[in-house]
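Chemist: The lines below spell out each chain.
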Amino acid sequence: MRRRTAVIAGLAGALALVAAGCGGGGHSNATGGVQGASHTLVTSGAKKGGTITVLSEGDIDHLDPGAAYYQFTYAITYVTQRPLLAYKPNSIQPVPDLAASMPTVSNGGKTITVHIKHGIKFSPPVNREVTSADVKYAIERGFDAAVGNGYATAYFGVIKGAPTKIGNTVPNIAGIQTPNKYTVVFQLSKPSGIFVSALQEPLTAPVPADYARKFDKGTQSSYGNHQVATGPYMVQNNAQGVITGYSPGKSIVLVRNPNFNPKTDWRPAYADKIVFKEGFDPSVATRQILAGQGDVNGDFPPPPAELKSILSNSSQKSELEFTPAAGNRFVALNTAKPPFNNKYVRMAVAYVLDKNAMRLTRGGPIDGKIATHFIDPSFGSQGFNQAGGFTFDPFPSANNSGDVAKAEAMLKKAGYKSGKFTGPQVTMVADNSPPGSNTAQVVANSLEKVGFKVKTISVQHSAMYTRFCGVPKNTPNICPNVGWLADFHEPQADLDANFNGKNILPANNVNWSLLNDPTINALMAKAEVELNPEKRWADWGHIDDLITESAAAIPWIWEDSPTLYSTKVTHASELWNGGEPDVSFMSVK
Amino acid sequence: MGAYIVRRFLWAILLLLVVSFLTFVIFDVFPSADPAVLRAGRNATPALIHQIRINLGLNKPFYIQYWRYLKGLALHFDLGYSYYNSESVRSEIFSRLPATISLTVGAFIVWMLIGLPVGIVSAIRPRTLLDRTLMGGALVAISAPVYFIGLLALFLFANGTGLVNWFDGAGSYVPISQSPATWFGSLILPWFTLAAAFAAFYARMTRGNLIDTMGEDYIRTARAKGLRESLVIGKHGLRAALTPIVTMAGMDVGLLLGGAILTETVFNIPGVGRYAYEAITNSDLPAIQGTVLFGAFFIVFANLVVDILYAFLDPRVTYG
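In order, the protein sequence lines correspond to chains F and P.
Those letters in the first sequence? Residues 0 to 588, per numbering that gives the first Met the number 0, in order.
Those letters in the second sequence? Residues 0 to 319, per numbering that gives the first Met the number 0, in order.
The reader is advised that the hints may include incorrect statements.
Using 20 Å as the maximum straight-line C-alpha spacing, the simulated SDA-like pairs for lysine to any residue come out as follows [as the list claims (entries may be wrong)]: (1) F:216 - P:87; (2) F:342 - F:94; (3) F:472 - P:161; (4) F:249 - P:235; (5) F:316 - P:159; (6) P:59 - P:7; (7) F:116 - F:179; (8) F:164 - P:53; (9) F:249 - P:261; (10) P:224 - P:235; (11) F:164 - P:49; (12) F:307 - P:161; (13) F:216 - P:224; (14) F:272 - F:312; (15) F:249 - P:45; (16) P:59 - F:224; (17) P:59 - F:506; (18) F:452 - F:414; (19) F:120 - F:255; (20) F:249 - P:17; (21) F:216 - F:132; (22) P:59 - F:525; (23) F:501 - F:179; (24) F:525 - F:218; (25) F:180 - F:132.
Quick caveat, the hints were computed from the structure, so don't treat them as lab data.
Chain P extracted, bound-state conformation:
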């Protein structure tokens, strides 16, 4: 197990290096805006642009810029300095991380609490009216863009902007340390909005996996031994059916910790996703680089955790 984790850890570092390099190359090769020119203002002379380029380190070849970036990252965990608002990218990301974690964890709980039961119910009552209704609803939830669901939620249920004033609306987020009640209230709509598509997807996946599993020989054996149906489903069927769900959950949580861009944008939650959106809009390479790396780190980390969890979920899995 130890050797396996070390090996995976090294692979993770390599992967992050590749991701950061690709981001740099994409920014350098493709026609994005020139940050020096953007900062230079109107009628700026070539001398001023050149000076800004020197100040930002943009006068060096991209591989030197990249090397400096890596050095700063490795030695000081320095993610660079934002071109746009002259702030440290690391401090910007870390100041926004609690909001993103709040959104992700809450949404994860919501989608698991909805998605798994719906999937199980559909699986044990396949092709019934209930199954078709639930899966039809899931299809709608998967198809509707988060942006649309978010706006719909705000215009239906948010204080001030909604038809009914049930929940806090956009821009109401406060850190949990400031007011736990307001924090909770401000995240109800974002949690459900973000969770909608995931819950639907997980419901469909759970249903499919469970139906497949319930057709296995060992399930028939369990039933033949006289076990209660709830035990057959819960202990034998669900455990096997959940393995791919755990994989997906790990990946999705990792992905969202890197920033739920659309949800954070619609609900004006000052998280990493909103920061990434602003960075892209402003051609702010250090901020783009920082948010991409940060997102990649969470995905890689989540993958590692999931792989380790496999051993506990599925006795057939061992680590050599």
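Same shape as in the complex, but just chain F:
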């Protein structure tokens, strides 16, 4: 998901938290965020017309809405495509978009019915009205390896007839029914508490089979370069439908979709044109935004030095917004082998880690709040509060700098009479470049205080995931640079992949702790099918507490993402998408 600097992780679906040095929150709290500008949606003074320029360091992952899986890409996908549900910028609650109303759940949670709006048309060259069959095809093509979707099996694999394995063709999924042109019925093999929320994923944005099928043939779909839009904007194309507005690594140009009917949408779509300029150094781009040469940052946070300067300038400060990144960073301990298969040894690590020093490696309080459990504050009453909010901290220490005495007490319980770890050397695979390498150094220093001898293997961040921490047979004792961004604001999307024993895979594994606790697994299985949201969020809040107390992984920061606007535009940061700018709500003043 969202990447905020080029040094961290590569692609969409790069498994991990990819946000980097971000800003503090809009309020102070016990875990030490900094005062910053409030998160607002400014619509006063908005007017039609003009061009908005978004500056970015890197590129999007995929133009194709069926393959897009990256927060920065979503800033484009959600203004060019209309999934069944979507979000208004300052909300984490999905609302109907292509759907005419919220889905109806029946049959004990196994049947979900969605009616879609009349009068929504595809952009040229297709030019016809969207039907339910287009939604069906869009989801089905997500199961074709040629499209390369990263979450189809995770959220839509529960549909009856959905393939258990990704294949080489677009399957016909019997559980997606289209009784008429404007109705889609999903028949599930079992109830799913989060299925309705998952309907906001861009995979549900309609794709016209009659037009797209020829591009989906072969080993790699080229639909992205021929895509049609349903949103207020479209990627600039020619009369044949070939995308002309995308130069990889250089720029993306969005223009108005001539077939867009504003009566069907809640997006105001003020600007006439949106230009994404790519390839900027973050320091330079930050200064250009302050100078009005760009309007907002896309995939990078202003660097800490620039952030501190902006925060000390009252006029510039008002153009800066902080949004919770909807994720966390944590240190994963391998629970499948000694010494961290012993809970007390893990708890010793949880006590001794100097979280404050770790946060300093990413810029200090300006980067976010010290995390004391996994579900981050952006979830609010959807799991964060139920997990204990800011008050739940099973491993407290003064100034969050670690508690050596408590750690030694845990080691004594684990059988190390001296209170110092006297076992063999432990291995740690870490980033080979800052800030991750610095964080790893702090982790090593903390562990050495209670006797651990740490051997650090430094590799590229993406290699850390794909060759070591994500491959159980290669998983070291410690992975200090892992993290996670939830796909959407359901606690299951935040916890299940990382800590459910059933999700341990031989490759591309994201249960980096290899946690396979029968109690936690059973509670997750129960919570996954819970249809009552209040009860579901309470269940996941409790699960969060249990995982944290197990010390299989130690969360240490809830990051905030800073979004900087020029004085020429109004603000619209996406709360649901880690602070990405919603260009369909921004306006040139």
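Take the given structure of chain F and dock chain P to it, following the hints.
Modeler: Coordinates of chain P only, in the frame set by chain F:
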């Protein structure tokens, strides 16, 4: 001469083969990221990863992948398909080449126009205050990283981000075909930034070579024959002193045509260097391979041109 060029050409092909093979081996042996896993997304099943591996041809042993790559290269000049943005590497490189050529050629002119005169002046006034000042400045320019000089230039002189708004800043590059004036304006800061260290190095090298040359017997003879000092320096001294400079210039231009990564990154110039940087960041083997080969080609080619030029510069050189 003809036989010499053919021989060098064959050596060049062999060298490019070795370079491409080494790139492949390094990528295969060292722990870089797995492109299939990166593409597979969250919770991807082993089946999906396997399928992507097949689609990308990564399921084959590396030597088969390498052979296929060579075949594509030799028969179709095909540099492969980028894992990351699903674009042809060849078209990506060629679309970015004009920007890199613009940057390199302009910077080359700047550094030669600064480096050579400074070196000559220092050489004919050795150990004077002027010499020490110029060489001191050269030392600073050599020591300062391009990245630092680039940012400094932007924060001092670029429109919008600078203390004074004299020149266009980062991201302002446009192709010369689109607007020659904007093209020129957007490259002034990058040219001087890239040229700074080279100019300094060439100044020091010119100074050293010229001082050595001016101590030769034939220079004394020329002076004894009553030639003007400017002729002695220009016709006899400089010509001999420039031979190693030409070698270096050829190598450096070849190197930069392969991509000036830092300069292109700081100034957001969409050239081959920036593409190489993105390829490395994204573990995009075909793009890495393509940019490495491309860079190697220019270095080899530049070497060949320099060797041929020797004959014209130095009458003692002949080709057997």
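Chemist: None of the hints should be skipped; say for each whether it holds.
Modeler: Results for each hint:
{"no.": "1", "hint": "F:216 - P:87", "result": "holds (18 Å)"}
{"no.": "2", "hint": "F:342 - F:94", "result": "violated (43 Å)"}
{"no.": "3", "hint": "F:472 - P:161", "result": "violated (52 Å)"}
{"no.": "4", "hint": "F:249 - P:235", "result": "violated (50 Å)"}
{"no.": "5", "hint": "F:316 - P:159", "result": "holds (18 Å)"}
{"no.": "6", "hint": "P:59 - P:7", "result": "violated (34 Å)"}
{"no.": "7", "hint": "F:116 - F:179", "result": "holds (12 Å)"}
{"no.": "8", "hint": "F:164 - P:53", "result": "holds (15 Å)"}
{"no.": "9", "hint": "F:249 - P:261", "result": "holds (16 Å)"}
{"no.": "10", "hint": "P:224 - P:235", "result": "holds (13 Å)"}
{"no.": "11", "hint": "F:164 - P:49", "result": "holds (11 Å)"}
{"no.": "12", "hint": "F:307 - P:161", "result": "holds (19 Å)"}
{"no.": "13", "hint": "F:216 - P:224", "result": "violated (82 Å)"}
{"no.": "14", "hint": "F:272 - F:312", "result": "violated (31 Å)"}
{"no.": "15", "hint": "F:249 - P:45", "result": "violated (33 Å)"}
{"no.": "16", "hint": "P:59 - F:224", "result": "violated (28 Å)"}
{"no.": "17", "hint": "P:59 - F:506", "result": "holds (18 Å)"}
{"no.": "18", "hint": "F:452 - F:414", "result": "holds (18 Å)"}
{"no.": "19", "hint": "F:120 - F:255", "result": "holds (13 Å)"}
{"no.": "20", "hint": "F:249 - P:17", "result": "violated (32 Å)"}
{"no.": "21", "hint": "F:216 - F:132", "result": "holds (19 Å)"}
{"no.": "22", "hint": "P:59 - F:525", "result": "violated (42 Å)"}
{"no.": "23", "hint": "F:501 - F:179", "result": "violated (38 Å)"}
{"no.": "24", "hint": "F:525 - F:218", "result": "violated (39 Å)"}
{"no.": "25", "hint": "F:180 - F:132", "result": "holds (7 Å)"}
Violation of the numbered hints given earlier is confined to hints 2, 3, 4, 6, 13, 14, 15, 16, 20, 22, 23, 24; the remaining hints are satisfied by the structure.
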